[in-house]
Amino acid sequence: MIRFEQVSKSYVGGFQAIQQVSFSIAKGEMVYLRGHSGAGKSTLLKMISAIEQPSLGRIYFNGEDITRLTRERIPYIRRQIGMIFQDYRLINSRTVFENVALPLEIEGYRSEDITKRTNAALDYVGLIDKSGYFPLTLSGGEQQRVGIARAIVHSPRILLADEPTGNLDPEMSAEILKLFTVFNRSGATVLLATHDSSLFSLKPCRQLVLRRGKLVADEPAPAAAPARETREARHG
Amino acid sequence: MAENRKSAGRERLILQHWRVFRRSFLSLLSSPFRTCLTLAVIAVSLAVPMTFYVLYLNAAMVTARLNDTCQISLYLHRELPREKAEAFTERMRSDPQIRTVRFIPREEGIVEFSRLSGFAEPIRYLAENPLPDVLVVTPAEEIVADQNAAESMLRRLNALEEVEQGKFDLMWVKRLKGIASLMRNLAISLGIMLLAGVILTVANTVRINVMYHREEIMVMKFFGATDSFIARPYVYSGILLGFFGGLLAWWVNEFFVLCASYIVNELAELYGEKYEMSLLSFWETSAVVVVSILLSVVATKLTLMRYSDR
Chain W
1 MIRFEQVSKS YVGGFQAIQQ VSFSIAKGEM VYLRGHSGAG KSTLLKMISA
51 IEQPSLGRIY FNGEDITRLT RERIPYIRRQ IGMIFQDYRL INSRTVFENV
101 ALPLEIEGYR SEDITKRTNA ALDYVGLIDK SGYFPLTLSG GEQQRVGIAR
151 AIVHSPRILL ADEPTGNLDP EMSAEILKLF TVFNRSGATV LLATHDSSLF
201 SLKPCRQLVL RRGKLVADEP APAAAPARET REARHG
Chain B
1001 MAENRKSAGR ERLILQHWRV FRRSFLSLLS SPFRTCLTLA VIAVSLAVPM
1051 TFYVLYLNAA MVTARLNDTC QISLYLHREL PREKAEAFTE RMRSDPQIRT
1101 VRFIPREEGI VEFSRLSGFA EPIRYLAENP LPDVLVVTPA EEIVADQNAA
1151 ESMLRRLNAL EEVEQGKFDL MWVKRLKGIA SLMRNLAISL GIMLLAGVIL
1201 TVANTVRINV MYHREEIMVM KFFGATDSFI ARPYVYSGIL LGFFGGLLAW
1251 WVNEFFVLCA SYIVNELAEL YGEKYEMSLL SFWETSAVVV VSILLSVVAT
1301 KLTLMRYSDR
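Those protein sequence lines, which keep their order, are chains W and B.
Residue 1 is where the first sequence starts when you use my numbering, and the numbers rise one by one after that.
Residue 1001 is where the second sequence starts when you use my numbering, and the numbers rise one by one after that.
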């Protein structure tokens, strides 16, 4: 589904956000991307969604090299991705329903399909009764659930979540994680960037560990195999 | 099958456009003060050159009409016998620089003067007719159009022995033409300046809108919105501002010209004339609205190009 080949990202001034990172994620996998603040997690997610371009290396999404995308092709890649942000990034001037419906509107769905799919997504996150509310009237946990509904409403192939529980209490974090797990069980790939190690104990699965821009560990789900050092062992 | 897919795609696109158009319209309504201010600036920027253009059109029409009636009056020597006057008339008719010649014998002249001057009674008591025979000469079109040629023709006719005096006052026509030309130049130069003003006004409105919705635009991009999808509401706002701004400009111009027409009419009545100022035609008005829309769209596109990123 996703393959990184010797990917590096440096910024003007020489700061190396990502250094020679290689790994691959299969379709339907749920993976934690772990690391402290500044480890390069967000940069890595941004490169998958073509917000940032790597300075070196190749990134493949569904077999397509997304480091060589034309500007016109980028939106069509992003439509296969659902994104969730730590700060929710909801549009405060739009209702919950309108926020969730946004990806469908972008893809040009018909009104009746938008209504059906948006209501189903809101039902999935337990906010169907708040569809007419504006985001600022909701709690943090509810806002994040709206973000999740928006990310999954168009049935993306992969869900990228950047610190989705960063602003939530442990109880709400567990709730949110449950939603990711259910979505993953339906066949979607989930890549969850977090520095919250408690999530791993709630739902153990493969972990990619970043430190100062380097992939220092690629630990498979506990039931699958023992931990291994970096992806070189995985891909040779 | 492929045909069905194509038509469904077209319907989808129309639906998307309709949704965005409606949202853009409502968004303009949601900030009435800002919208009205922008419309007012567009309207004034367009109405000023439009008004100068209308004034130029009217002045040009008046000068064209004056050109048609431009004549030289040749007052013949009073001692000139009638047969020589008639022979002179015939000679003038064969002059290639002259379009028409009308001979007004002194008897006819005094009758007309009595009727028009209001001095009929005193004229009755005159011992003899003091007026000379007169030739009213209309020069050829190329002479009327060329001030120098007209003046040299007048000099030539004045030099003829049969003519006591020739009169051909083109100075005020010349001045009117100068005013018309000034109005045209003002319309052009003000037009260019103020149309640039329209672009800047709309560009600034769009820039503020883009800055205000920056977060929203970013979120849209994250979910796969194309540049054209993001640009659409702003382009529609530009079209709506241009359209209503153009209509408002037409209305302002119409109002001003009607006011001016009233004043001009009052003035014309003092001279026993009636003058209806001509307004912009339907096509000219439509052109203004189209120009206004195009300028707004250009301004929107330029701003979006400046502020769009990956």
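No wet-lab data here; the hints were simulated from the structure.
From a predicted model like this one, the values you see are computed outputs, not experimental measurements.
In this text, a Cβ means the ideal position worked out from N, Cα and C, and glycines have one as well.
Misleading hints may appear alongside valid ones.
As the list claims (entries may be wrong) - For each label pair, taking beta carbons as the anchor points, the in silico distance ranges come out as:
1. B/R1023 - W/K116: 34 to 40 Å
2. W/S24 - B/R1306: 22 to 28 Å
3. B/S1281 - W/Y133: 49 to 55 Å
4. B/W1018 - W/G14: 48 to 54 Å
5. B/S1281 - W/D87: 27 to 33 Å
6. W/R71 - B/I1014: 41 to 47 Å
7. W/R73 - B/K1301: 19 to 25 Å
8. W/S55 - B/M1305: 51 to 57 Å
9. B/W1018 - W/K116: 16 to 22 Å
10. B/S1031 - W/D87: 44 to 50 Å
Requested in this report: Just pull the numbers of the violated hints for me, sorted ascending.
Outcome: 1, 2, 5, 6, 8, 10
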